[in-house]
Amino acid sequence: MNKIPVSLNVNGREENLEIPPHKTLLEVIRDDLNLTGTKCGCEDGTCGTCTVLLDGAAVRSCLLLAAEVQGHEIVTIEGLADGERLHPVQQAIVNHGGVQCGFCTPGMILSAKALLDKQPSPTESVVRQAISGNLCRCTGYTKIVESIMALSGQPVSS
Amino acid sequence: MQLPRFDFLQPRSLQEACSILREGNGKVSVLAGGTAFMVALRSRLHTPSAVISTKALSELSYIREASDGGLVIGAMTTLEALENSPLVANGYAVLGQAARFVGVPPIRHVATVGGNLCLDTRCIFYNQSEFWRKARPDCFKLGGDVCHAIDKGRRCLAVYQGDLAPALVALGARVRIVGVSGEKVIPLTQFYTGNGEKPNVLEPGDILAEVQIPPSSGNTWGGYEKLRVREGMDFPLAGVAVSIKTNANGAIDQARLVLGAVAPSPLEVPEATELLVGQKLTDSLLESVAQKAYDRARPVANLAVDASYRRKMVRVLVKRAIGRAVSGNG
Amino acid sequence: MSEYSVVGKRIPRTDSVPRVTGEAKYSADLSLPGMLYAKVLRSPYAHAKILNIDTSKAERLPGVRAIITGKDAIPYKWGVFAYTRDMQLLPSDKVRYFGEEVAAVAAIDEDIAREALDLIQVDFEPLPWVLDAEEALLEGAPQIHQDKPGNISVRIFVDEGEVDRALEESYLVQEDRFSSPEENYCQLEPYAVLANFDSTGLDIWCPNAGPHMKARPLSNALGIPTSEVRVRKITIGGHGGGRSEVSPADFMAALLSRKARRPVKLVYTREENFNCVRQVHAATTHSRVGVDREGRITAVDMKVIMDGGAYASTGPIAASVAYIMIEEAYKFANFRYEAIRAYTNKPPRGMYPHHPRTAYGGLELQLDVLAEKLGMDPLELRIKNAVYEGYVTPTKTVITSCAEVETMIKAAEKAGWKEKRGALPPGRGIGMGVGSVISGFPMGIRGGSGAFVRFNEDGDATVISGVVDNGQGNDSMIAQIAAEELGLSVDKIKVVTADTSMTPADQGAYSQASTVMSGGAVKAAAADAKNQLLQVAAEMLEANPKDLVARDGRIYAKGSPDRFLDIAKVARTALSRDHAILGRGDRWPSADAKREWVKNPRGQVASAFSFGTAVAEVEVDRETGRVKLLNMVAAHDCGYPINPLAVEQQIQRSALEAGPEGTLLEKHAWTANGQNLNANFLDYWFPLSTDVPNIDPIIVTSNDPFGPFGAKEGGLSISVAMVGAVANAVQNAIGVTPKQLPITPEVVLRLLEEKEKQSEAKS
Ligand SMILES: Cc1cc2nc3c(=O)[nH]c(=O)nc-3n(C[C@H](O)[C@H](O)[C@H](O)COP(=O)(O)OP(=O)(O)OC[C@H]3O[C@@H](n4cnc5c(N)ncnc54)[C@H](O)[C@@H]3O)c2cc1C
Ligand code: FES
Ligand code: FES
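Chains W, C and A, in that order, are what the protein sequence lines are. Each residue of the first sequence is one higher than the one before, starting from 1 at the first, in the working numbering. Each residue of the second sequence is one higher than the one before, starting from 1001 at the first, in the working numbering. Each residue of the third sequence is one higher than the one before, starting from 2001 at the first, in the working numbering.
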């Protein structure tokens, strides 16, 4: 099978891979790099479980070819915690009960991180917009929003 | 489901991209943001031998003031850049509004203006998995000779569901196409064919390079309204863009009203212009304009909601888009 | 609440950290050395005979390792009940819905497996098909199962009291017909299985709602002992009822692995998870409700037709749930309920916390109409008809702990009911709904849960239980229960759960039973272990074990906490005295074992009952018909909250499911030949974060006598109550009864237009 060399920077590490050109970033992250925290919930850009950070911005890895992102910085959910210490967004989600079955959670956290890195004190409606591409079946979104708002310091509507 | 196998090419310049496409002669496809095309590939609506990614063509990513005072936008400009651009907000608000309505934020971060304008037409019987489609005869758009949406339908009426095009048509935009036979600039209205099977005039080897918008004067207002079920994600079930220029007396000098997602191409409503120009806006005038738009819109049963509902909503959206424009919210 | 030191505390769930770091492994995340990848060939017809399958070309494709068809399976039909055995896990005779399994391939990579599918040649003989439940019941409709004449999958009939007379004598009778199409579970995790069949049997990892409930049918279908089917512990991305049963995917992966002698992974696409797992019944409900002058319900007469799809699934339970919920939510003596679950050529329909939405949702709408006609506040009418502890339902179930009225009052208060009802600006509406659900129904020899508790030498304890965690937090729940009982902190409890090779049997996450049954069993096992420990401590302290307490990691005599022993020390002392501390416990439903869904729908149906009231406020765009949810309040009587945070989570999950999902947005649509038109998240309207307001949860307690520490279940009454709340809010806003769910913009607009026409005709 025809393979091409691709080097990716994932969670700060250079990964030199040989992959078939039709492989998506999602497939390579999960299958070749074994970073299975990035989930595959639909493969058509609708669920947001495959969210990763591409140069700091939340994107859907199922809609990108791995070959396209050569030379860019990719962060997956595994790249967030500092050893045992959770990233503040992860910690907030744990403390406020923003995680249930957890399948949406990695994508949700990365979308929240991308937002907060750009805009540290977003309002609730900005937060809801920023995670509107991440479906969640369990939480009714309430505790996720509360988790993020706890970091933003802005009030939550009731 | 895996993507079909293909080769991957990443040209360094627009020129190179064009020549690869020309050699590919229809078997090579452009992958811009990929937010539409990757989905089409996955369901095997396309099985190209190679795709060329234009993501690295930074020469096509810009929003600039043109020498005539208008605006030029490179095809690879992202929708996120569009919604955040002060140049767009200042005088071309209808475009920023339309961009903000597309999909969800992570989609807009990579989705491009070119990809949005070149979006293939959509139909609930066409945008399905390969397994699903194969369970019934090929429709016109798949090269067959039936329409599953309309009983005894004679041609493909798949819907152009891009949000930007109605706004850009309302602004009188033109597009620059670079391709096999050199370069040309055509009005965006002529870019669309009205044919659901092949919605735009691009030939193998052509790349849409730039959008050019004529200058906007001080008193130009715009409004975009979109019919959707959810607050996000959904493609438009109907869209209405309006651009209005008023004079010192508050009367309308220029007006363009364009409908989206009710036909295989954006649909201008010239009757609206006739009714509006020279007038001041009143409720009854608004009502007549909305009626003209309703008369023109002929959606068919090929999306997830009822066609008659979509048509009725055109009337409502027209009033709201004009209302939004004149109230200066636009 | 200070009586307890661990339960009742609001703590982050113990399973949270691995889920936020990406470390938690779901079925699709696993891989084993030599693993193959499977893909499934599916039926392109709604109904067809399978004449012949030729796999020879596909077998020759390099990289293909095994192909299976119905011929590779033993002729075994599976069913949840002996009388519902109608499903071959891989059919050999015919296919009964578009997308049903026909063959499966295992290959060295997914691309090859997919390519192999195209090389399999199947000869079908298409048969006439039927897609509508009412049509399926007509004479002359295509027969879907030979031995099920008239396409009747299940019929439930209950007729208690004197319904006809009571309705005749009623002051008012409200009669309506409600309808709704199918919903989808939309678990965010698409179905995935990893199976490894070797000489010792089968190891299998897959989403499940009870590992023991999968092991049994798999052992039957594979013809091996149940003890050789090891359903393994795995993180699960949602259930909602749709993971209740064995899946053809489990069977296919197992069979492929057996044939190829290699591990096989089968991961469903989103489309498959929409169409080929389970769906929620479509239904129509014809409902007559009578009230007297004071607003007391006199009788309910309901006929429900449910579209069951191609197979029986949990049909007898599914067809009963509505009437059980209704008779437990409101008191009335005369009740007739008939449900017919019909077979159609659509995907099979499974369990759901609340279904059909047209039954109790319809009833809630009718109660508001009656209240209006009586000039009564709907809240007052509901309080008047509420049930209470000791109340006996028409089918002879005794309600135990019950704080139904309190949920009504608290939800109303929090939502500003009194100030808002009748005083909102045009286009706005506020509505209320009430619901009741049961916990722990009879399931014969599989209805109980067992648990072990073991003390380790460092003083930690390991809890071994069959309970499954689908995302609702059951692992955390049992850890908290064990910690309280043992006098340890939660971090000292390790849990081993949901693995049929080592955990005791458990009834599974059905009928909201996990807390009362599995939690109860863990509490009993922990008590047993604690008693053994106290015995040792008593010797050490020279005290009577009855006077000792274990709390906060220490054992001491009541009243003298200063003279204590560390639990770790006692555990080690026990070991040094040749005593390994091993506790055991089990829990069985206190329901009437003779009660049976179809044959004998009478007697105590469950062990505990929970109640809830929801209030929703909406704004209707009268031009587009779009309904915006402004506010959602939900009060739930959970008995006692083991973890208030987790109870709130369940309340919110239920509110989402019933409100935006079930009442406003979600439905499936079909082509004339039975193809699902919207098996994707673009056209199936799963609500986004921007579509839902913050959901305000209120916890109400009633201290149940059966449940551990008085607990019942987490919040599912709201998945019933919120349907009524949102539907009634829309009814209140537009002044018309929505008789079709979900109430999409098109539906609202049509209702408004009809109303306008009527008022024009009048004037
Ligand atoms: C969940 C989801 C929701 C969406 N919602 C919306 C929505 O609400 N409104 C909407 O308008 N769209 C929506 N889209 C579709 C899509 O995201 C946008 O239309 C986007 O702008 C497409 O741009 P792209 O760069 O990603 O195009 P691509 O996917 O890369 O390309 C689309 C098509 O255009 C061609 N093409 C791209 N660029 C050029 C060029 N410069 N010259 C010639 N041909 C070219 C490609 O070959 C392809 O055929 C949605 C998509 C998803 C997945
Ligand atoms: S898997 Fe990428 S958006 Fe769902
Ligand atoms: S926590 Fe289960 S999908 Fe979000």
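Source of the hints: derived by calculation from the structure; they are not laboratory data. Beta carbons are placed, not taken as given, at the ideal position from N, Cα and C, and that holds for glycine. Do not take every clue at face value.
Said to hold, decoys possible - Pairwise CB distance ranges, derived in the manner of DEER restraints: (1) C/R1012 x A/L2061: 52 to 62 Å; (2) C/S1327 x A/R2622: 56 to 66 Å; (3) A/D2054 x C/E1130: 39 to 49 Å; (4) W/E15 x C/R1012: 20 to 30 Å.
Claimed, not checked - Just so you have them, the derived chain C footprint on chain W, three or more residues with Cβ under 8 Å: (5) 42–53; (6) 76–86; (7) 95–105; (8) 129–139.
Status of the hints after comparison with the structure:
In this structure, C/R1012 and A/L2061 break the distance hint of 52 to 62 Å, their C-beta atoms being roughly 38 Å apart. Between C/S1327 and A/R2622 the beta carbons are some 20 Å apart, a value that contradicts the proposed interval 56 to 66 Å. Roughly 21 Å separates the CB atoms of A/D2054 and C/E1130, a value that falls outside the hinted 39 to 49 Å. The given range of 20 to 30 Å is respected by W/E15 and C/R1012, whose C-beta atoms sit roughly 24 Å from each other.
Proximity of the region 42–53 of chain W to chain C, defined as three or more residues with a beta carbon under 8 Å from a beta carbon of that chain, is established by the 6 residues found. Residue count for the region 76–86 of chain W with a Cβ under 8 Å from a Cβ of chain C: 0. That is fewer than the three needed, and the coverage hint is violated. Given a C-beta distance limit of less than 8 Å, the hint that chain C covers the region 95–105 of chain W is violated, as 0 residues qualify and 3 are needed. Look at the region 129–139 of chain W against chain C: 4 of its residues bring a Cβ nearer than 8 Å to a Cβ of that chain, three or more, so the hint holds.
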